[in-house]
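*Asks:* Using our numbering, you'd call the opening residue of the sequence shown number 349 and step up by one each time.
Note that these hints are calculated values from the structure, not bench results. The model shown is predicted, which means the values in this text are computed figures rather than measured ones. You may find that some hints are simply not true.
Stated by the list, open to error - 30 Å max Cα-Cα, derived DSBU-like pairs, lysine-lysine:
| no. | residue 1 | residue 2 |
| --- | --- | --- |
| 1 | 393 | 359 |
| 2 | 386 | 350 |
| 3 | 357 | 377 |
| 4 | 350 | 377 |
| 5 | 359 | 377 |
| 6 | 393 | 350 |
| 7 | 357 | 393 |
| 8 | 361 | 386 |
| 9 | 357 | 386 |
| 10 | 359 | 386 |
| 11 | 393 | 377 |
| 12 | 350 | 361 |
| 13 | 361 | 393 |
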Amino acid sequence: MKLTSEMIKEKAKDLGIDVIGIGSIDRYKNAPTLMNPKTYFPEAKSVIVIGMRIPRGSYRGIEEGTHWHNYSFYAYNRLNT
Numbered sequence: 349m350k351l352t353s354e355m356i357k358e359k360a361k362d363l364g365i366d367v368i369g370i371g372s373i374d375r376y377k378n379a380p381t382l383m384n385p386k387t388y389f390p391e392a393k394s395v396i397v398i399g400m401r402i403p404r405g406s407y408r409g410i411e412e413g414t415h416w417h418n419y420s421f422y423a424y425n426r427l428n429t
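I would like the entire structure built from these sequences, with the hints used as guidance.
*Replies:* What follows is the structure in structure tokens.
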């Protein structure tokens, strides 16, 4: 079975991803080596980018200096469970 962009977008929707984009790896052909996905994934043909909304209230503790959430609080645990 071939993985399609529609299948990826549907799974992202199921996971609660707010925004997803899929683009050609060719956009990175002139990118610096460390910013080029081909450096890490030489066989890649596409790049998948996702975005998740972080509620404004989540920043209140950061602004007040009373609480600081880390990356795992917002995304890692949600995407990998």
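*Asks:* Report the numbers of all earlier hints that the structure fails to satisfy, in ascending order.
*Replies:* none
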